[in-house]
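Position chain B with the ligands against the provided structure of chain A, taking the given hints into account.
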Amino acid sequence: MFDSLSARLEKVGSSLRSKGRLSDADLDEALGEVRTALLEADVELSVVRAFIAAVRERVAGENVLSSLTPGQHVIKAVHEQLIEVLGGAALKVTYAPQPPTVVLLAGLQGAGKTTTAAKLAQWFKSQGRQPLLVAADLQRPAAVEQLRVLGAQIGVDVFSEPLDPVTVARTGVARAAQLGRDVVIIDTAGRLSIDEALMEEVRSISRETNPHYTFLVIDAVTGQDAVHTAKAFHDSLSLSGIIVTKLDYDARGGAVLSARGVVGRPVVFASSGEKISDFDLFHPDRMAGRILGMGDVLSLIEQAERTLDPATTMDAAQRMMSGAFTLDDFLNQLNQVKKMGSLGGIMKLLPGVNKEMRQAAANVDDSQITRVEAIIHSMTPAERANPVIIDGSRRTRIAKGSGSSVNAVNQLLKQFDQMKKMMRQMGQGSMPQLPGGLNKMAQRMAAAQASRGEALPEGFDALARGMQSAPRGATGGPKGKKKKGGRVTPPKGR
Amino acid sequence: MIWWIGLLLVAVVVTLLVVRRRRRRVRPPVLVPERAPMPEILVEEVEAPPSLAEEPSFAQRLSSSRSLFDRVRSLGARSELSEDQLAVVEEVLLRSDVGVETTNAILARLAESGAPDGVVDALRRELRASLDRPREVRREADEGRIPVWLFVGVNGVGKTTSIGKLAYQETQAGRRVLLAAGDTFRAAAADQLTQWAERTGADVVRAEEGADPGSVVHDALGRAQAREVDLVLADTAGRRVNSSNLIDELAKIRRVADRGPGQVVETFMVLDATTGQNALSQAREFLAAAQVSGIILTKLDGTARGGIVVAIERELAIPVKFVGVGERAMDLVVFDPDVFVDSLLGTSG
Ligand SMILES: Nc1nc2c(ncn2[C@@H]2O[C@H](COP(=O)(O)OP(=O)(O)OP(=O)(O)O)[C@@H](O)[C@H]2O)c(=O)[nH]1
Ligand SMILES: [Mg+2]
Chain A
1 MFDSLSARLE KVGSSLRSKG RLSDADLDEA LGEVRTALLE ADVELSVVRA FIAAVRERVA
61 GENVLSSLTP GQHVIKAVHE QLIEVLGGAA LKVTYAPQPP TVVLLAGLQG AGKTTTAAKL
121 AQWFKSQGRQ PLLVAADLQR PAAVEQLRVL GAQIGVDVFS EPLDPVTVAR TGVARAAQLG
181 RDVVIIDTAG RLSIDEALME EVRSISRETN PHYTFLVIDA VTGQDAVHTA KAFHDSLSLS
241 GIIVTKLDYD ARGGAVLSAR GVVGRPVVFA SSGEKISDFD LFHPDRMAGR ILGMGDVLSL
301 IEQAERTLDP ATTMDAAQRM MSGAFTLDDF LNQLNQVKKM GSLGGIMKLL PGVNKEMRQA
361 AANVDDSQIT RVEAIIHSMT PAERANPVII DGSRRTRIAK GSGSSVNAVN QLLKQFDQMK
421 KMMRQMGQGS MPQLPGGLNK MAQRMAAAQA SRGEALPEGF DALARGMQSA PRGATGGPKG
481 KKKKGGRVTP PKGR
Chain B
1 MIWWIGLLLV AVVVTLLVVR RRRRRVRPPV LVPERAPMPE ILVEEVEAPP SLAEEPSFAQ
61 RLSSSRSLFD RVRSLGARSE LSEDQLAVVE EVLLRSDVGV ETTNAILARL AESGAPDGVV
121 DALRRELRAS LDRPREVRRE ADEGRIPVWL FVGVNGVGKT TSIGKLAYQE TQAGRRVLLA
181 AGDTFRAAAA DQLTQWAERT GADVVRAEEG ADPGSVVHDA LGRAQAREVD LVLADTAGRR
241 VNSSNLIDEL AKIRRVADRG PGQVVETFMV LDATTGQNAL SQAREFLAAA QVSGIILTKL
301 DGTARGGIVV AIERELAIPV KFVGVGERAM DLVVFDPDVF VDSLLGTSG
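One line per chain: the protein sequences are A and B, in this order. To convert, note that position 332 of the first sequence is 332 in our numbering; the numbers rise steadily by one, no gaps. To convert, note that position 297 of the second sequence is 297 in our numbering; the numbers rise steadily by one, no gaps.
Among the hints, erroneous ones may be present.
[To be verified] Stretch by stretch, here's where chain B covers chain A in the computed footprint (C-beta under 8 Å, at least three residues):
id : stretch
1  : 100-111
2  : 133-144
3  : 211-224
4  : 249-260
5  : 390-400
[Stated by the list, open to error] Some residues of chain A that are not near chain B, with every Cβ distance over 12 Å (derived):
id : residue
6  : E44
7  : V149
8  : L150
9  : T171
10 : A174
11 : A177
12 : A189
13 : L192
14 : D195
15 : S204
16 : E208
17 : E274
18 : P381
19 : R384
20 : N386
In short, the hints are calculated from the structure, not lab data. Fair warning: this is a prediction, and the values are worked out from it, not measured in the lab. Ideal Cβ positions, reconstructed from N, Cα and C, are used throughout, including at glycine.
Excised from the complex, chain A in its bound form:
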C-alpha cells in the first residue's frame, strides 16, 4: 500500500519506451498513478488536480529522453514540479531597522506552536539575536507554564501576564523594546479557523503588534483540511510563511504542499522532533522526496551521517565489498547500526523494502540482537576472523557458551556466509538477487540520490547498472536547478 510512486510508475507504459514521445494513454495512466500517490500522501484534492495539470503541461511538450522509461520521465517531471512549488519564492527574513522584529505564530490546537516558539527563539539566538518570548496562549491550561519551562531551558526570557491575550501581546512587544531585545516571538492559543471570536482575537493581536512576520504552524500529519485552515489563516492574518512540525513522524506530509499551494507563501522552517534542537530551515528537495516516498532515504543518510563513525564504517564497508568481512566487523557494524536506532525504525526508512521484510524487522527486538551478539562473543578471535574453522565440536562449545542451540549457531554461520558472498558480488559490480525488495531499495536510493543532483558512487553505480530497470538517466542527476542570490525584499511595512 505504501509502495512509492517510482515503483508504480515503473509499470507504466514500459513497452512504449522506444517511441520517443509519450502517448496520451501512457500519460493518463502515469498521471493517474501520480494522483493516487499524492492523495495517499495527503495532498488536498484541488491541489492534486492543479498539480497534475501542471505536470501534464511540463511533460507534454518535451521529448522523451531515450535513456528514460516513460515512468521515469514522468517522475522526473513530478519531482521538478514539486521542488518548484515547495521551494519557489522563498522567504527573505530581514530584521527591522527599528527593533524589535516581531514574529507572530498562529495555528490550530495541537499543531505545536508553543514548542515551535521556543525552537524559533533558540534559532534566533544561534543567529546572534536576543529574543523575548511572549506567552499569549491563555486558553489552554498550563500553556504559559510550558513556555516558561522551555524558555528557562534555552535561557530566553518569557513574558506573560494573566490578562487578555491582546494586552499580553502588546505589552510583550513594548517590554522587549524596553529590554533592548531585538526579536519578539508571540505564541498564541490554538484556534479553529471557523471560530469567529477567536479569529477576531488573533486579528487584533496582529493589528496591535504589527508583526513583521506571521507564521502558520502546521502539523505534517494533517489531511485534506490543510487548505481550509491555511486559507482561513491567510485571509485573516496575511501570512508571511509556514512552519511545518512533526516531520519526524512517518507521514508523507502532503499537507505541506496543500498549504503551500493555497497560501502561496513559502515554508520557512521545519520542526522534526521534541528536542529544541530538532529545528531547521525547510528543505524543499527533502520534502519533495518525502512526498514521493523517496525522502526517507535522505533522512536515513542524514541519520547515518550524524551517528556513524566515518573512519571505522568506511573501513568496514570496503572490507565488505572485498569479501574480507569478519564476524568482528559484523559485531562492530551491528553496534554502529544500533546507534542509529531500532532496526525496525531503520527498516521503515528504507524505500522499496517489502511489507514482510518490514514486519520481520519490526519484530526484531533487542533481545534477539543480544542473542546473536552472545553467540559471536562466545567464539574465539580466530574463529571470528575465519569462521570456516568452526567445526562440529566448536559449534557445540559456542552454543553452550552463549546459551543458545547448535541450530542457532549453524544458522548464524550459514547466513553470515551467504551475506559475505552477496557483498563480494556487489563489490565486483554485479547485482545479487536480494530478498525482500532490496533490489528495489537500492534502485530507489539511486533515484533519491540522483534527485538531489548528485552522481552515484562507483560501487552503487554498479549496483544500479546490474538491474534491469535501473534509472540510467538518473545517474547523471538533473541539471543544477538551484537558483541562488538575487533580490532582498525589505521587511513588510508596519
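Same frame as chain A, now just chain B with the ligands:
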C-alpha cells in the same frame, strides 16, 4: 533467524557508499545554519514563478467543493450509477480523508450494488455498514480490582483535554475519579492535568518532570486503592509511532497499569480529526503496543471531517467511542455513527 541482518547490512553498505560520496562532494557538511551577516537574510533565493497551474481559481474550487455536498444530495435514484455520480461520491470521500483505498473499495461496492433509492442512501448504507460494531464503554473491572482507562496518542491530539472532559462526566455521574499524570516528558504537562483535576474535582497523582511514567501509574493505583476510587484515568506523553523506544515505553506503562490492583478496561487512542492517512499507521502501532480498545476523535468542531476513522474501523476494527467537539469540559459526546455519516456526507441539518 537472522536473514534480516544480512538485509540490514546490505542496506548499511549502500548507505555508507552514498554517505562516503556525499562527504567527498559536500564539504564541510553544514550541520547548523551558518551565522549570517547583519542585517541577516535567513533564506535567500530568487522568486520563482507562481507554480500551481490553476492557483487563481482556488477559491472557486473550494467553494465548489462545498456545494459538492449539495450535489450529492441531488443525485437521483438509479439502479446503475453513472461515471459522474461515482466521481462525485469519490470526491466527497477523498475530501473527508477516507483515503484512496477505502474510497475505491466503497466505489466498487456501489458500482456493483447500484443505487435503487438514490446515491446518498446507497452511500450512507455503505458507510454505515463500515461503522457497524459494538461501542460500549467499560467502566467495571474484575472483583477487587480498580478499572483504569489509559489514554494514548501522538503529540497534541487532545489526550489531556479528553481526560479532563471525561473526568468531568464521570464525576458528574457520581463516580470518584483519580487522574494519573503519566506524561512526565512534556513541559508543564502535569500542571495542565492538575488544572483539569481542580476544575472537575477529581483527584490527581503527579511526579516530577522526567520521572518514570510507570511509577506514576503505580503510585496512582496505590492511592486509588487507599481512597476507594472508582476509576483511574491515566495520561501518557504524546509519542510518534515510528520510534520503537517510545512504543516500548507505552507497552510498559500499560503492563504496570494492568497489574496488581489495576486493570486496564479501556485503552483510548486519541485521534485528531484533522489527521490524514497517517492515522492508520498510528492506529496500527498503538493497537499492537497498547491493545487500543476505542478511539476518541477530537476537534470535530472544526472543518475537518475525520473520515479516516472509516478506514480504521474497516481495517483494524477499532471502534470510535467518543467525539471531542470543543475545548470546554462538556465538549465530549458519545460517538453516534448515524450523525457522523450524515456529517461526512453533508446531509445533516
Ligand atoms: N477545538 C477543539 N480543540 C480541542 C479538542 N480537544 C482538545 N483540543 C485542544 O487541542 C490542544 C491540545 O490538547 P492536549 O489535551 O494538550 O493534547 P495532548 O494530546 O494531551 O498533547 P500532548 O500531551 O502535548 O501530546 C489544546 O489546545 C486543547 O484545548 C476538541 O475537541 N476541539
Ligand atoms: Mg497531554
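Tell me if chain B covers the stretch 133-144 of chain A under the three-residue, 8 Å CB rule, please? Three-residue rule met by the stretch 133-144 of chain A, so holds; n is 5.
Assertion that V149 of chain A lies outside the chain B interface [Cβ separation over 12 Å]: violated (4 Å)
The output says E44 of chain A does not contact chain B. Does that hold with a beta carbon cutoff of 12 Å? The assertion about E44 of chain A is violated, with a minimum of 8 Å to chain B.
Count the residues of the stretch 390-400 of chain A whose CB lies closer than 8 Å to any CB of chain B, then report whether that count reaches three. violated (count 0)
With a cut-off of 8 Å between beta carbons, are at least three residues of the stretch 100-111 of chain A near chain B? With 4 residues close enough to chain B, the hint holds.
Does E208 of chain A really sit off the interface, with its C-beta more than 12 Å from all C-beta atoms of chain B? holds (24 Å)
Beyond 12 Å on every Cβ pair: is that true for A189 of chain A relative to chain B? With a cut-off of 12 Å, A189 of chain A comes too close to chain B, as the shortest Cβ separation is near 9 Å.
Taking the minimum C-beta separation from A174 of chain A to chain B, is that value above 12 Å? The claim stands: A174 of chain A keeps its Cβ more than 12 Å from every Cβ of chain B (closest is about 23 Å).
P381 of chain A: least C-beta distance to chain B exceeds 12 Å? holds (21 Å)
Just checking, T171 of chain A versus chain B, shortest CB gap more than 12 Å? Check passes; 22 Å lies beyond 12 Å.
Chain B covers the stretch 211-224 of chain A, three or more CB atoms within 8 Å, holds or violated: Since 5 is at least three, the answer is holds.
Report holds or violated for chain B covering the stretch 249-260 of chain A, Cβ cut-off 8 Å, minimum 3 residues. holds (count 6)
In this structure, the hints that do not hold are numbers 5, 6, 7, 8, 12, 13, 14 and 17, in rising order.
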